[in-house]
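**Q** Residue-level listing of the chains:
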Amino acid sequence: MRPARPDVTSSAGLVGGEKGTTVKMASPKTLPKDAQVMIQILKDMGITEYEPRVINQMLEFTYRYVTTIIEDAKIYATHAKKSSVDADDIRLAIQCRMDQSFTSPPPRDFLLEVARQKNQTPLPLIKPYAGPRLPPDRYCLTAPNYRLKSLQKKVSSSAGRITVPRLSVGAVSSRPSTPTLGTPAVQTMGSKVGTPVSLTGQRFTVQIPSSQAPSVKTATPSTPGAVQNVLINPSLIGSKNILITTNMVSQNSSSDSGSLKRKHEDDDDYDAL
Amino acid sequence: WLRCRNHSEWFDYEMARSVKCCGCRQCNISFSSIVLFIVLSVGGEDQPDVSVVLSAYSQQGDPSLYQVYYSGLKKFIESVLDCHRAELSQLFYPLFVHMYLELVYNNHESEAKAFFEKFSGDQECYYQDDLRVLSGLTKKEHMKGNETLLDFRTSKFVLRISRDSYQLLKRHLQERQNNQIWNIIQEHLYIDIFDGMPRSKSQIDSMSGSLAGEARREANKAKVFYGLLKEPEIEVPLDDEDEEAENEEGKPKKKKPKKDSMGSKSKKQDPNAPQQNRIPLPELKDSDKLDKIMYMKEATKRIRLGPETLPSICFYTFLNVYQGLTAVDFTDDSSLIAGGFADSTVRVWSVTPKKLRKVKSAADLSLIDKESDDVLERIMDEKTASESKILYGHSGPVYGVSFSPDRNYLLSSSEDGTVRLWSLQTFTCLVAYKGHNYPVWDTQFSPYGYYFVSGGHDRVARLWATDHYQPLRMFAGHLGDITCTRFHPNSNYVATGSADRTIRLWDVLNGHCVRVFTGHKGPIHSLAFSPNGKYLASGSTDGRVLLWDLGHGLMIGELKGHTDTVYALKFSRDGEILASGSMDNTVRLWDAFKAFDDVETDDFTAATGHIHLPDNSQELLLGTYLTKATPVIHLHFTRRNLLLAAGSYNSQ
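Sequence order for the protein chains is E and D.
The first sequence begins at 1 in UniProt numbering and counts up one residue at a time.
The second sequence begins at 1 in UniProt numbering and counts up one residue at a time.
No lab work stands behind these hints: they were computed from the structure.
Mixed in with the good hints there might be a few duds.
As the list claims (entries may be wrong) - Straight-line alpha carbon distances no greater than 27 Å define the calculated DSSO-like cross-link-like pairs of lysine-lysine that follow: (1) E/Lys74 to D/Lys140; (2) D/Lys223 to D/Lys628; (3) D/Lys285 to E/Lys127; (4) E/Lys127 to D/Lys289; (5) E/Lys33 to D/Lys113; (6) D/Lys139 to E/Lys74; (7) E/Lys118 to D/Lys292; (8) D/Lys118 to E/Lys43; (9) D/Lys113 to E/Lys43; (10) D/Lys221 to E/Lys118; (11) D/Lys292 to D/Lys221; (12) D/Lys139 to E/Lys43; (13) D/Lys292 to E/Lys127; (14) D/Lys285 to E/Lys43; (15) D/Lys434 to E/Lys127; (16) D/Lys434 to E/Lys118; (17) D/Lys230 to E/Lys127.
So here's chain E without its partners, still in its complex pose (with noise of 0.2 Å):
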């Protein structure tokens, strides 16, 4: 018999990555019996042309599933405390990955009962002036997957400096989700936060200094080029309460207290940290 070979994800269709001749096989009767019989099945189904490969493909799914079904079979015929495996364990086990494995997608009176259902709702009217229009967060992939270690910094003394810590925006860690957007930019310069900056919601802990003139910048991933709305968290500095707001770009005026009123919307979709 076939000797055990080790799981091989080649199951895919009949594109291969690689060059292959559409020529017919040339002699089938140097072929094992089992690939003669996928040669007959494919001439049977129509299928004149094919590389030489999908024998091999089709010969692996077959071996596969074989295996996988008789030894569902067997454990049925344990669980069953049969002496040996008969014929209602195999289709109890082909049932099972039946359902499992090689569903098929609903009836069509089923779908005409959810199409109808779901038709009746009106379309939900446009909202004006929100920016990109996505969905809620948790239902997006901009947020980042990474959370940085925070830094044990002293506080300085001097009140003059610009901290940017860690600018995670959009969702939190805790989100199951997925890859990339957002570099979030981590710029101490000078003076240090005392405490590592909690993200709740989207507000950062900014320090303006007197001097400078407010040009503080935090990208939010969704509305790229546009972010410019840092909110000031009184509990951490106390002192001053500062919403900063700078109109960079005309076409993205909108967007700005769009993206204001989304961070609202998107805090009730929030689980709180």
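Model the placement of chain D on the given structure of chain E, informed by the hints.
**A** What follows is chain D alone, placed relative to chain E:
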């Protein structure tokens, strides 16, 4: 008391015996099947849905007599007058399939095989693919997994027969006590009777071919608003000042804003156009208005095409792909190309010399001077500018890509069942819309942005909005996979082409199917709306391009010429030329104005809806352009009517 298996009604066994049929009002089952009921009802608990669905195939008669019934019908139809024979021959295929499936379902394998062998050769040639699938289906278990067959069984096969032919048939079947065939006909077929001349073979052939027969006449009677939405009135500035003034579009004059701009000018509401607010559409942003101004400027430089002035064709060949290119899209202003590949990547290229730049990271953004004039340039990262960008995220081949009209987003649909929204400013994935759990074969953004439609293997097309994680509308009704989805230019309708060889037009407002078009003999792979919104062109694996009139719901043209699947269809910007690209490595140009002109003069017989198609493909063909060895996957007319084509070089 026994339960009728079909309709779950109770009936009295004794009474049923005396009347020789099931007392249930809804079905007419012969006595021999009563015995089956007794057997099943004794054992029967609730069976899964599938069995209920299939149980209508419970015994209709002695299996060995099926061949006799079928041959009898065949003999009758052959003996009938010529004019009726073509129409009644439509019965062969659905009857054959239903009888075969019945034999298989009731486990009469040998009779089923014999039945199949004897009569499958008589069927029309365009049903060969279906017959091949059926030939592999020999046991009851095979039927359970095949949802297309289940749909075929539950939906009634529609036939259009003239009244005279129908009377003939009815008289024959009833006078010879041929109950079996009559029962099957009543159960599984829907005969749409019309008054008028019986149709000829060629007329029938042009309309038939789909999995569920033809479309009922009522299915195509709903009103379709095929007109275009009014363009918003934007002034084209002479200098670069961005002052908005309410004015007639296209006139480059500055006027003071008028109090009432709408309705003042000549454009009354087009009766065939939908109301502006029929479906909510996003308002125009400043950037969109700038785009529109660019569009109008380009439109003035557009070449007028016609039979004398054919467009130049620029072909973009993808090399080193080895049959891995599965989807292509261009932006409307032809500045970007996106390609979806079988290795699950999406790649975006810049067509113009301008490189692709993404927005700087947050750290760098904080350093730039926001007050400067060229801040839009400064937010872009020069260091990583490149000709192309690769987008990773899908876990299966990407079968559909679509740019948003404002060039901010790109959609891609894949075999992994998700549709992903990518930002073209950061070149990262923003959202993965999960709803289809099966491969999604096509997706497209609405011409106004915000909405998009996707269709896939689960036979349902879904309408989404970018800011909802669940679909807004579900368009269910097809019997096979949905292979192609397109928006109407006014964004109120969606056309879907499917593997069941029909095209359906859906209303976005309420999800109803307003048109069903049959006539293709293979799965439909390309659709194109004409720019004026009145007509739809479709191409399929049979190599024909069919033209449909949306208002009347009729087929108005057939373009024969391609020898392989037509994968790409596009109308030129003013609708004068239809370009079609196919797997046979050619691009063909057809005279669209002429094809639709003939329609205007004809007198529609709206009652029957039958058109005699002129065989004028040769006259309409304006040119055939061969590529070396590159199947054409996508076509796009630039704003100046230059034709762009894309495909991957197939070196074999």
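**Q** Please go over all the hints and tell whether each is borne out by the structure.
**A** Results for each hint:
With a C-alpha separation of about 25 Å, the suggested pairing of E/Lys74 with D/Lys140 holds against the 27 Å cut-off. Proximity of D/Lys223 to D/Lys628 is assessed by CA-CA distance (about 45 Å); at most 27 Å being required, the pair is judged violated. A distance of roughly 13 Å separates the Cα atoms of D/Lys285 and E/Lys127; the hinted pair therefore holds under the 27 Å criterion. Of the pairs offered as hints, the one joining E/Lys127 and D/Lys289 holds, with about 18 Å between alpha carbons and a cut-off of 27 Å not exceeded.
Pair hint E/Lys33 plus D/Lys113 holds up; C-alpha atoms about 26 Å apart against a cutoff of 27 Å. Straight-line distance between C-alpha atoms of D/Lys139 and E/Lys74 comes to about 25 Å, which keeps the hinted pair within the 27 Å bound. Proposed proximity of E/Lys118 and D/Lys292 is contradicted: the alpha carbons are some 34 Å apart, above 27 Å. Pair hint D/Lys118 plus E/Lys43 holds up; C-alpha atoms about 21 Å apart against a cutoff of 27 Å.
Restraint check: the Cα-Cα separation between D/Lys113 and E/Lys43 comes to about 18 Å, which is no more than 27 Å; the hinted pair holds. Restraint check for D/Lys221 and E/Lys118: the C-alpha separation of about 24 Å stays at or below 27 Å, so the hint holds. A hinted pair counts as satisfied when its Cα atoms are at most 27 Å apart, and D/Lys292 with D/Lys221 does not qualify at roughly 36 Å. Among the hinted pairs, D/Lys139 with E/Lys43 is consistent with the structure: their alpha-carbon atoms are about 20 Å apart, no more than 27 Å.
Among the hinted pairs, D/Lys292 with E/Lys127 is consistent with the structure: their alpha-carbon atoms are about 22 Å apart, no more than 27 Å. For the proposed pair D/Lys285 and E/Lys43, the alpha carbon gap of about 58 Å is over 27 Å, so the pair is violated. With a C-alpha separation of about 24 Å, the suggested pair D/Lys434 and E/Lys127 falls inside the 27 Å cut-off, and the hint holds. With a C-alpha separation of about 16 Å, the suggested pairing of D/Lys434 with E/Lys118 holds against the 27 Å cut-off.
Only pairs whose Cα atoms come within 27 Å are accepted, and D/Lys230 paired with E/Lys127 is accepted, the gap being roughly 21 Å.
In summary, the structure is inconsistent with hints 2, 7, 11 and 14 from the numbered list given earlier, while agreeing with the others.
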